[in-house]
Amino acid sequence: MSDAIDRPNVQGSENPDTRSPVSTGSEWTFELIRQYDEEIAKCAAEFGLDTYPNQVEVISAEQMMDAYSSVGMPVGYNHWSFGKQFLSTSKGYQRGQMGLAYEIVINSNPCIAYLMEENTLPMQALVIAHACYGHNSFFKGNYLFRTWTDASAIIDYLVFARNYVSDCEERYGVDAVEQILDSCHALMNHGVDRYKRPAPISAAKEALRQEEREEYLQRRVNDLWRTIPKMDEDEDPIKRKKRYPEEPQENLLYFIEKNAPLLETWQREIIRIVRKLAQYFYPQRQTQVMNEGWATFWHYTLLHRMYEKGLVTDGFMLEFLQSHTAVVYQPPFNSPWYSGINPYTLGFSIFTDLRRICEDPTDEDREWFPDIAGTDWIKTLHFAMANFKDESFIQQFLSPKVMRDMKLFAIQDDDMEDSYKVTAIHDEPGYRELREKLARQYNLSYREPNIQVWNVDLRGDRSLTLRHVPVDRVPLGEDTEEVLRHAHRLWGFDVHLESVDEGTVVEEYHCPHPPPLKP
Amino acid sequence: MGMTHIVDRRLNGKNKSAVNRERFLRRYRHHIKKAVSDAVHRRSITDIERGENVSIPTRDIDEPVFHHGQGGHREMVHPGNQDFVAGDRIPKPEGGSGQGQGQGKASPDGEGMDEFAFQITQDEFLNFLFDDLELPNLVRKQLKDTESFNYVRSGYSTQGVPAKLDVIRSLRGAHARRLGLGGARRKKIRELEAQLADLKSAPADLDAAFSHDDQIRVLEDEIARLKANVKRIPFIDEIDLRYRQHLKQHKPATSAVMFCLMDVSGSMTQMHKDTAKRFFILLYLFLKKNYKKIDVVFIRHHTSAKEVDEEEFFYSRETGGTIVSSALKLMHKIIDSRYSPAEWNIYAAQASDGDNWNDDSPICGKLLTERILPLVQYFAYVEITPQDHQMLWYEYERVQEQFPGSFAQQQIADPSEIYPVFRRLFERKAA
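Chains A and B, in that order, are what the protein sequence lines are. Okay, so the first sequence: first residue is 1 according to the working numbering, each after it adds one. Okay, so the second sequence: first residue is 1 according to the working numbering, each after it adds one.
Each hint should be verified, as a subset may be incorrect.
[Unchecked claim] Per the computed footprint, the stretches of chain A lying under chain B, defined by three or more beta-carbons under 8 Å from a beta-carbon of chain B, are: (1) 325–333; (2) 410–420.
[To be verified] Here are the simulated DSS-like cross-link-like pairs (lysine-lysine), alpha carbons at most 27 Å apart as the crow flies: (3) A:Lys91 - B:Lys92; (4) A:Lys407 - B:Lys16; (5) A:Lys276 - A:Lys258.
[To be verified] Example chain B residues on the side facing chain A (calculated, C-beta under 7 Å, incomplete): (6) Arg9; (7) Leu11; (8) Lys16; (9) Lys92; (10) Leu181.
None of these hints come from the bench; they were simulated from the model. It should be emphasised that the depicted structure is a prediction, and the values quoted were computed from it without experimental measurement. For each residue, glycine too, the CB sits at the ideal point set by N, CA and C.
One chain only, chain B, in its complex shape (with noise of 0.2 Å):
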């Protein structure tokens, strides 16, 4: 026969299902945006380093044809009879619907047939977060230096501390300068010392015209000049001497501290603490592409601030006037007493809809320009309003102009709007 081909195939793609799956990802973005949304309140802001389980309705997604319904006279035929006999009768169960096919709609996992459910990954996950914006920029951009540094080794140099004086690599040197210089003239010797012995050995003529004594002579002085000469060449030189260059890394910095400030007075709405907690998402997200351990501060405020755990952050309703300042204080209090910028690189967000005594606006450019920005990698705002800016907002472009490079702030008005905000806030000057 031999008619059988056999192919191994396994090193083709195996992502051929890649464009249906997300061909059905589009069609149903709205119920997956929806799951996305419902995930959004249900996590916290570290949790986002996985994807999300989505479940549709099944008659959402069902593909209709034509079919057979209830009723009428049907009949089939099914295996294990155990006792009945032509003729029996069995009543209808309650509400009794027919037979069906045969084909039983249970679920072999008890799950609930009535939904679709499938996972979309953690890429998906922030693509529907953010309104299909895409990420691909978001690696590790050249964040403000940090403190800390390595040293690594890097060949040599032919200065340095006597500390750092290799002594092998050196002597090395030593040794193949001593060559160098000398090789040729050793040589000269061996061949000089060769010809005196020859002559010595030569038997003496009687002649002494003929007397090899001179030669002999000059032989000698020859050599000794020549030994002279090599004794002079020095066991080491100063050129020998190598030094173990090291140089100055940048040490990745391990850790950061995040800051969320959020105003909690009466005007912030949940739709606003939604759009700002998808912000600090994304922020988190950017730290954590650039440092391994990374604390969460959460400072609320409406005309005091407190410090509060994430679920309290964002879910419990406060009413009141706002005073910035109190949470930018209570910022500073908390770096100075846990945070030391020479160990922690500090970032903040603050997000508020932009409401602020007026008098207190002046000091809170006070505090960010001389107490908290010296202190920060960078300060984020954004404002969360459609509405015309504020007293705050003016104040904080003052402190812009001052710290361009760790200062940011931004307009947000719609969630779709978090991911251009977040890349131009985080766009950095040539650094």
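With the rest of the complex left out, here is chain A (with noise of 0.2 Å):
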């Protein structure tokens, strides 16, 4: 690709001539894995990577479409659209189409990550070195996954998630189960919550807590839905145009969860193990380029090291970079290849070039990055790594000379125009512009329309009004629709969307009817 991923470690002292490697052949055993773990452990070691324990799984290529189909997680429960996702993974395997990724790895403690039969022996310390030390280490240090997910209680609460659903399917039905499966997943998007930290989840008080909802809501009548209203709060009209919630609310199926006045309790149940998966995945949606690109760097750096140390044979070698290089490839522009930018290619790319800063950095480089130009590049890698999303890292750690080499220039095309604009490129004056407007695109309030639950309707037919607040005039997609009727399946009553753009209301959805004229 570009000069950027030139050999950044020439600071190897060995002497190259007294190689002994771990091994010369492509075939794996068990032992070899073991004895290439090791060594790459010695070397994250030495670079100050810090990781949950590592339980690396050894599965064959069909298991490995079933872990693809089941979004990475190691057990899940039962729903026909990861049926739908296996169907296409195993017919594009079949077709010779698309190869399985190497690995997939799970935020977990012990950090498991699933190595391919097939693979030969350099790509499983590829492997290795990505997944166990690359990803296991980001998972274990940056912020998101820290506040966010609780890597020890995950595989816990996944089971404790499974047996729940297969419970409810025996006592009310696959199907009710799926319909509202279904709906949650619509809104699972919309299920998380952005800004407030969740409780660490935990499957035995999951189960507890439940008992203690089911109990308590069999007492309770919930003062929301009192049918008969109190004379004196009707008479007060400040009060009666107060709404409910009275702050606007993101998470959507947190709200349904606690507010919707028919669901069963099951049901209930079912909506917040959804919006407890979208959370636990909230972090790497947001962390994609970074996390990526984090490993990547570092299964780069920690074979390299190994070649310096003379534990792996150019033959080795050559097969890593060919894989390596096949990772990191970004397709430009306008070849047929093009779908977006390679994340691996930006995040790996920059990490890359924050270490040439650190190490030898230019005049540009002291002006632009003052703080960094010059530092130890671990601590600063690893400070970038633990405090910072796409979004802020890119903000704050793309340089002009990444930006020059993937030659990045921005596009804005608008509705009102009749041609598209060329904004800024990978110029002096242009690189600002670039960089937030990069960062911008991997915002996920940006990249996701920001909807919201705006009111419900108590005093007159319980309806929910979801408020869209559109950035830069861009409307709501085709399936809104659908989804508005799958809010409703969980609402129970009339579902209103609409989306209001500086004051005016410019696009409505209802579902199933428009509200009746306001006099």
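Bring the two chains, given one by one in their own frames, into a single complex with the hints.
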């Protein structure tokens, strides 16, 4: 790709003539995997990578497809959408259209990584370096993962969720459960707390809490849904105007779980399960560039370190570099293979360049990164890994050199104009603007529509109103009506959605009925 | 470090997704059923040993989420700039929609993105074909025995024809018998001979009163008697003889011929024919499990019968009346000329809507009972009609009474009944 990835390791003091490689063939054995892991772990320790213990599981290609189609959850509840995923994965694989991912790694403690038995030994070593030391240290170190996920509890929780869902299927029927799950999945991306830290999950606590809730609900009469309004409040026009919830709420699933009037207890539990999973995956959605970039940087660095120590052969390195190059290949915008920016390339380039800025800064670097240029690269990279998400990471660390190497440029597409406009390119006047735009592109609330719970008509038809606040006049997509049907299924009464741009309603959606005309 | 735990999971089940896959098929069974129906039209009845490709419109299986639509003002950063500079304008393509999220929706293999395509297995195909009825019992049932046998060796017997005498076995038995009968005596002889030798070698006593001569004579007599005894044991006796034994074993018949008879007169609609086709498929599948080679003969008839190929059988249209016996006659003729019952297992399936000229039905009954049924393994008749029976049915009822083991008839009103009917037809009363 670019010279950004040309051998950053030149510090080798060992004499390459004194090689004693761990192995020379390409067939792996369990013993060799263990030996490689040991050596890679030693290298990782040299660089101060802090990881959870690893659990490496060797699996077959079929099992990899299984793992794939359950979005990387080692245990999952049953749902047709995973079957759909499986069918398309296996079709692609059988046709040879798609190599399977070399690895899947799970944010758990111990950190579970899958190795495919079909891989050659160099590939297994690459995967170990990438997953067991790269991703693993990211899971353990990055603030989002530390804040939002509980690596030690997730497996138990998944088992709990699977059992709960299958119990419900037995008691209420597969169809009833499937309907609820479908609706929850439709709102899953809007089922996360973006700012508030959730309580850690624990399967045992979940079960206890469920019992409590069931009991509590038996006794409780929800004040919200008292059918007889109090007279004195009716007379107070200000109180009448008061919205519920008073502040808009971003977590639609949470709001529905707590407030939907007609749901049965088990249905609320299923909503809760889906939103807990959404929350668990939320950090991954916000750190794709960083996470992959970090893991790629480390497999590259660790295996080069192995080479310097004479632990791997030239043939090993050639095979490894070939895979590595494929992983970080970025097709240009006008290539038929182009499908957006490759997060591996972007992340790897930024981390690699960060190291260069620390070790070998130019005047440009000193001007752009005065706090970083010339500092200890290991500390700086760890700081960058630990304290940012994609958006802020790019904003903070995307250097002019990476922009030049990748030849980035920004295109503006405005529906009021009949041509696209190039607004910034990789040159002096464009760097800052370009960086800002790319950073924003990775802001989840920019990628996904901002939709919040706005009001529930407590005294009238109990309808739920959601509010969409468009950014840059971008409207909602064509699925909106369909998603609203799902929201309606969960809520049980009419659901309205209005797009409100600077105080004016620009678009309305209703399910199933438009509201009566206001006098 | 040593914190890494390496586990071999390859022996764990690989079908973790089976349930999810099944859920998917269940959810889209209407789409799949339609694909299966179409496949039945398209495929030959002998072509059912494989699954089927199914396509479902992508929009039907989409999982909707809130996302951004087209329009508004947006900016995207792309890589690989060649000669753009800030401020350049690029005309939008005709009917230009936005750049989207940069996630090209092109399919890598040029297959339309509007279709979600996948494969179902043969079992799933059959399940959908016969309306989710399971086919587990569709295994080798004992059908009527065939004429050909194999002989397999099954040990030895003491009786048999001389041609099957096993010389080695017999001699070995004789040897054992000789040892058994003579052993004790031979031992005795050896003992006596040793005594005799002792006596003879002892220095002769001068005193005649103590002479060994008497003893020697007694011993010699005894030895001679024993030797004669031993000599009388026969070298081979009748009880030594062993004959190789063979068992007659039913030879798995390797070839069968299946006659498909169908009424194609005006009253048979395409729906009737489709139902019949499924019935024929099922019969074929059933025979396939029992025979290596299967010929299929298609005979269509209205007032006269004709042997045709499959395409014509199912899909060409005819009008006019119905004479069922024409088909039976033709079938008999074909058996006579091409399918000798000694070499072929003959099956026949006849489908009709029950129409026949009333005069003809007794002829059919006669043809079946006198000429056809003695030759065939099984003859199944299905009447595809929701209506009341006509003459032919009642005639066939009498046939069934006479040949309960090789003739059966059933009525089908709807494709979902095919499999139960098939099962009833092929239920064997204790063989």
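These are the hints, each one checked on the structure:
Residues of the stretch 325–333 of chain A with a Cβ under 8 Å from some Cβ of chain B number 4, which satisfies the need for three, so the listed coverage holds. Taking a C-beta to C-beta cut-off of 8 Å, the stretch 410–420 of chain A contributes 10 residues in contact with chain B, enough for the three needed, and the coverage statement holds. Taking the CA atoms of Lys91 of chain A and Lys92 of chain B, the gap is about 36 Å. The hint is violated against a cut of 27 Å. Between the alpha carbons of Lys407 of chain A and Lys16 of chain B the distance comes to roughly 44 Å, so the proposed pair goes past 27 Å and is violated.
A C-alpha spacing of about 14 Å is found between Lys276 of chain A and Lys258 of chain A, which places the hinted pair at or below 27 Å, so the restraint holds. Given the 7 Å rule on beta carbons, the hint for Arg9 of chain B holds: about 5 Å separates it from the nearest Cβ of chain A. The beta carbon of Leu11 of chain B comes no nearer than 9 Å to any beta carbon in chain A, farther than 7 Å, and the hint placing it at the interface is violated. Checking Lys16 of chain B against chain A by beta carbon gives a least distance of about 4 Å; that is within 7 Å, so the hint holds.
A cut of 7 Å between beta carbons decides the hint on Lys92 of chain B: the least distance to chain A is about 6 Å, and the hint holds. Contact between Leu181 of chain B and chain A, as hinted, is not supported at the beta carbon level, the nearest pair being about 66 Å apart and thus beyond 7 Å.
Hint compliance for this structure: hints 3, 4, 7 and 10 are broken, all remaining hints hold.
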